[in-house]
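Generate the whole structure from the sequences, applying the supplied hints.
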Amino acid sequence: AQSVTQLDSQVPVFEEAPVELRCNYSSSVSVYLFWYVQYPNQGLQLLLKYLSGSTLVKGINGFEAEFNKSQTSFHLRKPSVHISDTAEYFCAVSGFTGFQKLVFGTGTRLLVSP
Amino acid sequence: EAGVAQSPRYKIIEKRQSVAFWCNPISGHATLYWYQQILGQGPKLLIQFQNNGVVDDSQLPKDRFSAERLKGVDSTLKIQPAKLEDSAVYLCASSLEASGYNEQFFGPGTRLTVL
Numbered sequence: 094a095q096s097v098t099q100l101d102s103q104v105p106v107f108e109e110a111p112v113e114l115r116c117n118y119s120s121s122v123s124v125y126l127f128w129y130v131q132y133p134n135q136g137l138q139l140l141l142k143y144l145s146g147s148t149l150v151k152g153i154n155g156f157e158a159e160f161n162k163s164q165t166s167f168h169l170r171k172p173s174v175h176i177s178d179t180a181e182y183f184c185a186v187s188g189f190t191g192f193q194k195l196v197f198g199t200g201t202r203l204l205v206s207p
Numbered sequence: 035e036a037g038v039a040q041s042p043r044y045k046i047i048e049k050r051q052s053v054a055f056w057c058n059p060i061s062g063h064a065t066l067y068w069y070q071q072i073l074g075q076g077p078k079l080l081i082q083f084q085n086n087g088v089v090d091d092s093q094l095p096k097d098r099f100s101a102e103r104l105k106g107v108d109s110t111l112k113i114q115p116a117k118l119e120d121s122a123v124y125l126c127a128s129s130l131e132a133s134g135y136n137e138q139f140f141g142p143g144t145r146l147t148v149l
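Heads up: the protein sequence lines correspond to chains X and Z, in order. According to the numbering used here, the residues represented by the first sequence are 94 to 207, in order. According to the numbering used here, the residues represented by the second sequence are 35 to 149, in order.
Treat the hints with care, since some could be wrong.
[As the list claims (entries may be wrong)] No more than 27 Å apart at the CA atoms, straight line, and that leaves these computed lysine-lysine pairs for DSSO-like:
id, chain 1, residue 1, chain 2, residue 2
1, Z, Lys78, X, Lys162
2, Z, Lys78, Z, Lys112
3, X, Lys142, Z, Lys78
4, Z, Lys49, Z, Lys78
5, Z, Lys78, Z, Lys96
6, Z, Lys78, Z, Lys117
Just so you know, the hints here were simulated from the structure itself, not pulled from any lab data.
Spelled out as structure tokens, the structure:
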């Protein structure tokens, strides 16, 4: 079974500042890793995913994440945030084989202020 | 391409009443998921369908929750009778296939309040 820990429930940041949202996972098998974003009163939207290959993954809206197998982490970063990035961000993991379900973390609320 | 559709968007009921949610996935997507998202938590998978068969319902409270996906397209999730702790957003998602690497596309959700 897999699990995900998002260490920060809320991250306040000023506009144009860099941000990092932390995610650690636990699994006994190889995994796929995902970051989803949820804007108020909307469903989840995929930001980026790591399947294999390069450990640095680039996604939409200027976000990127780095897979670190030794530290079992998949932290999300953006060099300069905008007000419109205010949202809830979820890290998720699924296993490699069979009908693998997506297991989500508890989410990190990113609050961008002027 | 049309996204995942859900209705209703909001529902308020009293405890012990019944309620049903509807989901129409993206055309051609074989796999359909229902998630429960309680305030302050991440989504939790309730049930997963592959076409019209159930793949995983290990976290579905089967004494009160039921779901079906007739003809492998639309799906309905029902709660009967509802409890206060069922207050949550119910998200439907779909993907091309059930493999772990497939992107899941989410609908806007149904916010259920049980009084």
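*Given the hint that Lys49/Z pairs with Lys78/Z, test it: the Cα-Cα distance must not exceed 27 Å.*
holds (22 Å)
*Taking 27 Å as the top limit, are the C-alpha atoms of Lys78/Z and Lys117/Z close enough?*
The given pair, whose Cα atoms are some 17 Å apart, holds under the 27 Å limit.
*Holds or violated: Lys78/Z with Lys112/Z, Cα cutoff 27 Å?*
holds (16 Å)
*asked:* For Lys142/X and Lys78/Z, compute the direct alpha-carbon distance and say whether it is at most 27 Å.
replied: holds (19 Å)
*Starting from Lys78/Z, check that the Cα of Lys96/Z is at most 27 Å away, please.*
holds (15 Å)
*Would you check the hint for Lys78/Z and Lys162/X, treating anything up to 27 Å between C-alpha atoms as holding?*
holds (25 Å)
Violated hints are absent here; each numbered hint is respected by the structure.
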